[in-house]
Each structure stands twice: as structure tokens, then as C-alpha cells.
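S.K.: The whole structure should be built from the sequences, with the hints applied where relevant.
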Amino acid sequence: MHNKSVAELSRELESGQVSSVELTQEFLDRIKREDSKYNSFITVTEEQALADARVADEQRAAGNATPWTGVPFAHKDIFCTNGVRTTCGSKMLENFVPPYDATVTANFRQAGAVCLGKTNMDEFAMGSSNENSFFGAVTNPWGLNEGNKRVPGGSSGGSAAAVAARLVPAATATDTGGSIRQPAALCGVTGLKPTYGRVSRYGMIAFASSLDQGGTIARSAEDNALMLNVMAGFDPKDSTSIDREVPDYTATLNEPLKGLKIGLPKEYFSDQLSPAMEQQVRNAVAEYEKLGATVKEVSLPNAKLAIAAYYVIAPAEASANLSRFDGVRYGYRCEDPKDLMDLYTRSRAEGFGAEVKRRILVGTYALSAGYFDAYYLKAQKVRRLIQQDFINAFKEVDVLMSPTTPSPAFIQGEKTSDPVTMYLEDVFTIAINLAGVPAMSVPAGFVDGLPVGLQIIGDYFSEARLLNAAHQFQQVTDWHQREPQ
Amino acid sequence: MQWDIVIGLEIHVQLATKTKIFSGSSTAYGAEPNTQANAVDLAMPGTLPVPNEQAFRYAVMFGLAVNAEIERRSVFERKNYFYPDLPKGYQTTQLERPIVGPGYVDIDLPNGETKRVRIHHAHLEEDAGKSLHEDFHGMTGVDLNRAGTPLIEVVTEPDMNNAEEAVAFAKKLHSIVTSLGICDGDMSQGSMRFDVNISLKPKGSDTLGTRTETKNLNSFRFMEQAIAHEVERQMDVLEDGGSIVQETRLYNGDRDESRSMRTKEEANDYRYFPCPDLLPVEIDDSFIEEARNSLPELPDARKARFMEQYGLNDYDAGLLSGDSKLATFFEEAASQGKDAKLVANWIQGDFSARLNAEEKSVADSPISGAQLGDLVVRIADNTISSAGAKKVFEALWSGENDSVDAIIDAKGLKQVSDTGALEAMVDEVLAGMPDQVAQYQNEEDPKKRKKMLGGFMGPLMKASKGQGNPKLFNEILVRKLGG
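Residue numbers (the numbering used here), protein chains in the order written: chain A, 948 to 1432; chain B, 82 to 564.
To be clear, the hints were calculated from the coordinates, so they are not data collected in a lab. Hints are supplied without guarantee of correctness; some may be wrong.
Claimed, not checked - Here chain A is said to cover these stretches of chain B; the calculated rule only asks that three of the stretch's residues, wherever they fall, bring their Cβ under 8 Å from a Cβ of chain A:
#, stretch
1, 153-166
2, 358-365
Unchecked claim - List time: in silico BS3-like cross-link candidates among lysine-lysine, alpha-carbon distance up to 30 Å:
#, chain 1, residue 1, chain 2, residue 2
3, B, Lys345, A, Lys1285
4, B, Lys211, A, Lys1184
5, B, Lys160, A, Lys1304
6, B, Lys160, A, Lys1184
7, B, Lys253, B, Lys211
8, A, Lys1325, B, Lys253
9, A, Lys1285, B, Lys160
Each residue gets a CB set at the ideal place from its N, CA and C atoms; glycine is no exception.
M.R.: What follows is the structure, encoded as C-alpha cells:
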């Protein structure tokens, strides 16, 4: 059962071959047995899951089922869950139990899905290796056999590892600079970052508000479509969510790709990319040609500025977003503060990890009087140029394709001492967040036994087309079905 | 040395919306602490602001009322600082693109002149909560009921030159926002709070001196005192050869003292930047036109109408039109009869004196405008004397009865105005006082004669058991005694 997709599990629940309680128990048992190797969960909600599964079985029996009724899945621990602690990977929120649901959480609840728990992540979604979690690093299920523990990517490393290890068939995730696509690539699963504004951010703990976007991780494109059907849509509680019709993303999965115009941004096939990685990506593009697509080279001339702009804008927003963690109303508070300043400084010094503090410092600096114009305003100008690059590219082609990451999963500890090297992990993903367009990462081969991700980038609100392109690829390849040993 | 005083004001006006500017919590005043603060107001993780359309409508109405341009693209920014009553660690406010651009207000000065005070801009923002320093044994309590209440902060140009002008402006602004119905104007509850920027310069100089800001004055009286206090303080410093430090000061009205809160060097770097959780708000023509059409009569227009419609003089019209509740009270009273001037006198006389004595506002008056109007009608048609009117007023105020005529009947205050009956009484009284009559008729000085008339009034009132109409008695007397 644990190798089955959401779509398959949904069909089997509907036909009565299996009950949600049985399915839930099987996945809970797997988590109990296997997750000590990966540490992909921060919290497992066994009792609640089984109770929800019983309700789901009753709903199916009563004929009130959605495709998700009774299907197990997990939430990244950044989505607030009413009554279940939500840590965001931080000591600051180690014991925080929200009295409200994120809109995404409420949507899955409404659909009858059974949440098994909350997945591990880099603290406040800041990181590309999941080594920045207060609850310990997550280990990539791939490469374990060779004796090296490799990173699953981040920040949604727990969600990607859990799906790759078959602990859940699907998990929610978020992506601010690559946090869905990079871990999906490194763990050999399929992930989608939707258009900014497509999925409500209400109740999703903010890192960088203008870049954060909730999305999906599962093994197949079809399962990503099923997830997005539940998650997408306007939310009156989020002023930045967009009031635009939500299509059935599964309805167009089987459209033929004949005539699809693919652009390969030349800046993303540079010498940062190893020849072995490039070969896998080019092989994948060749598969698309066989499916009737045409390919041309395009240019994103400002893409090289993306990392610099991102590491001004994201920390600037984060520096304000994280001010609410002050030890006053909820969250971590230091022992015996001697006055207000002591309460603030020690609660934050003790409650936040090193990377979070680094970014708060960077962001505070970038917004300071005398530096604002040179950093923040300049970065916003760069952001508009990058946006324009994508708008121009989509006048010529339907989708862009590139590697998701410059290299496959690296060994834990390899990059922790040098933040800038770590930031370069997101060199191919970050511009997409600055532009706000949607993108996926799809399994597309292996290098040295480690998964390689193909990034497919689309125009604003082209999620259905991306899912269609990924699904058609997955009809002629089986990379997404490979299981780590 | 002679000094010019330069004053600019910043006024925080709480908008009378039902819910907060970015959340659905109630803004009602006086609830138990922290019962009107939801997850958004508490800045719980993941919560997001949603703008309240009514706050924008009110801000636009204000802008139109002060002759200002409305900014079509309104941007919110984050003003970053840590304080326990600021849950997010930043205040959502406006900086570069405030909703109300430059405008002006005309104020009437005591010497009868009109002065124009320019408004630099007014912006929308959220109020903070309250820190409570008493009753917590060395700790601080935080009440977030007020956190997120919509405010407009009105910033003037430094166009005022003394405390009287500043207070006149403040009162005019109070009158405008209460007339618009966008603020309840209750200063004791903090609905309007004033920050005063003051500097001095040598008389006639073009260069502004260094200014100080005195914050959070919540009554006109304190504002006037604080200005006088700060002007004197600065004058002392300058005349002793010192210089003014740019700083923020706090004024204690009960003790007439002020102290420095922080200097410019200690000021925060607020690190403003556009709030990424709120998209710029586009305000279109139809929204502005709708707001324009919903504007009620404003104080200036009302004053002009009071002069035109009720024949009031400039002074009475200005006084009665300034406060919208008082204006409504006046109109209710005046609509009962024809003598608006008499209504105006009563409102400014006995009625205001009584309100002041009991520290009440018009809204708390136990007498309605219509009742006062009825009372004035009975004075004007000679049913009661002015002495009787005071008795009726007392009975209305104490709630003894709510009908003017019923009180007049019950207390027997009706004047006898039947001239036949009054003439008979006059004849009888004069017949009994021949010496006085002769004395009167021999007197040449009209002033003395007038005075002597009073000598007949006592016996006449006695003869009529106090119910004779004194005015008619007077007329009859003059006629009978031969002018």
C-alpha cells in the first residue's frame, strides 16, 4: 500500500478494498518503524489521525466522499494546525499550539484528508539542507546505502524525505526561494510551487511575505494536481491571494504535448552545472521532443542578479516578520528576565538559531537609515528586471526547462560552515520566486545513484499546463517511481 | 528679546469604525482587557491583515472636508520598533503615500479674523495597545483591546503662532471629525490625541528655531497649558544664552510640569518599508464621489446657514455650529417656535451653565432640544415669566415631568395676560396709592420715573398672586399714569 499514489489510494478507498483506518495505521506504523533513520517528522498525531480516519470511513460509507476523504498525508510544520503544536522548526515555537487553522490546513480538513503529523523543516524555512532545524537535521533516504548521510534539501526537507521514504504519499510544503523544488529534486519526488497568490498564506508562518508560497510535494504530477485542487483559491483572510477561478488541475493532465514550445534559459546551463547533471536534464528535454515539443534557447539576462536581490529582500521582510517573536505573548521566553530589554534580547538570542539570527541581522541592516536605498530599493529594482525577463521569455515559449539544482544531494555538514555556498544551492530556483511565476521539479534521472530534478517553469497561473507537461513526462519515464534502497 | 512662536500639530483621530483596521475585532471602548483582541490583533504566527474599507471611506471623507487631494494609490508601510503593546513589533502605517494630501482648515480668531492653517497630510494607521503600569506590582500589564483601532494622523504645517490659535485649530478639527461622524470626539477616552511641535525664533526672523514635540495631550485645556509651559521653558533657555535640544517631551497637566522623553540621538531608526502583506490600495473616482455625496453639512457651511436661516449673529452662529451635537440640539429647539435668538440665549445661558456645573456634555443632557424649544415657546408667547421659566427648566432637568405645559399647569406658573383683568388690578392698586401716583406724575426725569414704576409692580404682583404678566402690567401702568 505504501507505494501507491494518492490517486490509487483514493480509488481503493472508494472501491472498499481498504479502509482509511487500515491505511492510516499502516503509514503510522511505517513512520514509527522507519523515521528514526530520516527524522522527517517533528510531531506525529497518531490518535487524531486514527480518529479522523474513522470519520473519513463513515463519510465514504455515507457517500459523502471527496477524492481526499481518508487519504493520509502530512503538513509541513509551518502550517498552523488548530490544537496541534506548530513549531516552524524553531525552539521559539517548541510548545506553540495555535488556536486556529491555516487556510490550507482547513481546506485539507474540509476535504476529509487524514493528517498524520507535521514534517521537519529548516527553522522558519530558512535553509537549503534542513540542517537548520531545532529538531535535528533530516536525512535524505537516497544515498544511505553508501554510508554517507546526505541532506534532503530544504527548507521542506521533512516533507520531501517523508514522501521519498514512503512514510506518506503526499505532504504540503512552502517555497520562498526554492524550498519545495530543491528538496523535491534532491529526494527524487515531484514538487510544485504555484504562482504567488494562488494558495492562501493565512496561517502559514511567514518568512518573506512577498515570496512565500504554499505548494505540494508528492511522487507524481497527478498527485500534485490532486493536492493543488484542495489548496488553491482566493482567501478573504489573505489580501495578497488572488481572486481567480481555480480549474480542476487533474482535468488537463492528459492533454497531448504536441507543439509545446520549450525554452532553455542559457544562463541556467552554465559552468555551475556539472556535465553529468546537464546530461540528465538534456536527456529529459529530448523525451519532450519525442512527445512533440519544440525546443529553443532563450535568455534571462538578469538571472545572475537573483541571489543578490533575494538575500536583501527576503531577510528585510523576515527581520520585520520575526519581530512578533518577542517572548511577550506566546512562544519561548527566557528564564527570569530582569527587565524588558533583557526579556527581548535573551528570549530572541536563546529562541532563534544561528541562520535565523544571521538573516534578521542582514535584513535589519539592509533597511537601516542610510542603507535602505542602496540595498532594499536597488534590490526591488532588480526584482522588476527579473520579472520582466520572465514576461519576455513567455512571449516566445510556453514553458522554461532547467536543472532544479546545480548538483545532487550533498553530504550533511559539507556546506554548513559557509552560508554563501549554501545560498548558491538555490541559484536556479530563486529568480522564479522574485518573479512570482509557478514552477515544478520533476524527477529526471540519476547521477552517482542520486536523483536529479528537472525544473519546469511556467507563466503566471499556468499550473495546469506545468502539471500536464510533468504528467506526460511521467507517462514515458519511471524516475518518479524509483524507491530509495 | 522678542520672540515669534511657531506651532505645528499632529493629531491622532480614532475612526469610529465598528471593527479594527486590519481585523474583525470590535473597537468598542471600555471592555474587559484583551477581550477584543483576536489572533490577528495578537500577531499570532501566520495571521495576516485585511484592510477595513470603512476606514478608507472615513479617511477620504476627512480629506474632502479639509479641501485636500486624495492619493489614488495608498501604500502601507511597516514602522519597526519593539514595545509590549505593539504585538507585531511594527506598526502598520503610511509614509511615502499617505491617503490624504495637502489641504487646509480656516479658523476664526478671537479678534474676528480668519486664519488659514495648512494641513501637510493625513495618513491611516493602526493604534497600539495600552501598557498598564499600575496594579501589577512592578510589572507591566498589556491590554490589546485598542491595538489595531484605525487612526488618521493629521499633520499640520507650522502655521500657528500662539496657544489660542492652536486650540482654535484643535477645536475646529474636533468639530469637523464629529460633524463627519468619523470620530466620536470623546477625548477622555483618547479618541483624539494631540502632539504639539513648538519652536521659537527671534521676532521677524525667517529661520525656524529648533523644535520640541510634546506628546499625547488629550484635552484642549492641557494643550493650552502645555504650549504656555513649553514656550516659557524655551524662552528661559534661549534668554539664558542656551540652545534648545530637539527632543520629545511629556507634559503632566495635573502638575504643570514637563520632562524629556527622548532626544533626537536616542530616536529609533524605524526602518520603514512597504508592508508586503498589504497590496497598494487603489482608490477610484467612484469611491471618492460616493464619499463626497455622503458628506454631511460641515461646520463652516452650518454656521453660514445658522446666520441665514435663524438670523443669528456671527458669534452665536459660530458657537452653536461648532459642535455637531450642540448644533443638532439647537436646531431641534429652534424648530419648535420662531424665536431662535431666544433659544440661542437659553442654550448659551442656563443650559450651558448647568451642563458645565455637572460636567456633562450635550449628549448627556437630561433635557432634549425639543423640550427646551417648548419652554422657549412659552416664554415667547408670554405664557410664563422668565422667573417661571427657570422653575420649568429645573423641573425638566430633574425629570419631575417631561412636558413643559404639564409643568406650567402643575406649578401654576401660567401668567395672567387677560388685559381686562390686569387693568382692573392696576386701577385698584393705583387707587390705593394716591401719594405715589402724584409723586410719579410730578417727576420730570424719565430715569427716575422708570425707577418709580417698580414701586407699583410689587403690590401688582401680590394682587395677581404672582401670575400677572409683568410686561403687560408695565404697559398698562405707563398708559394709566400718563407716560
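S.K.: List in ascending order the numbers of the hints, as given earlier, that are violated by the structure.
M.R.: 8
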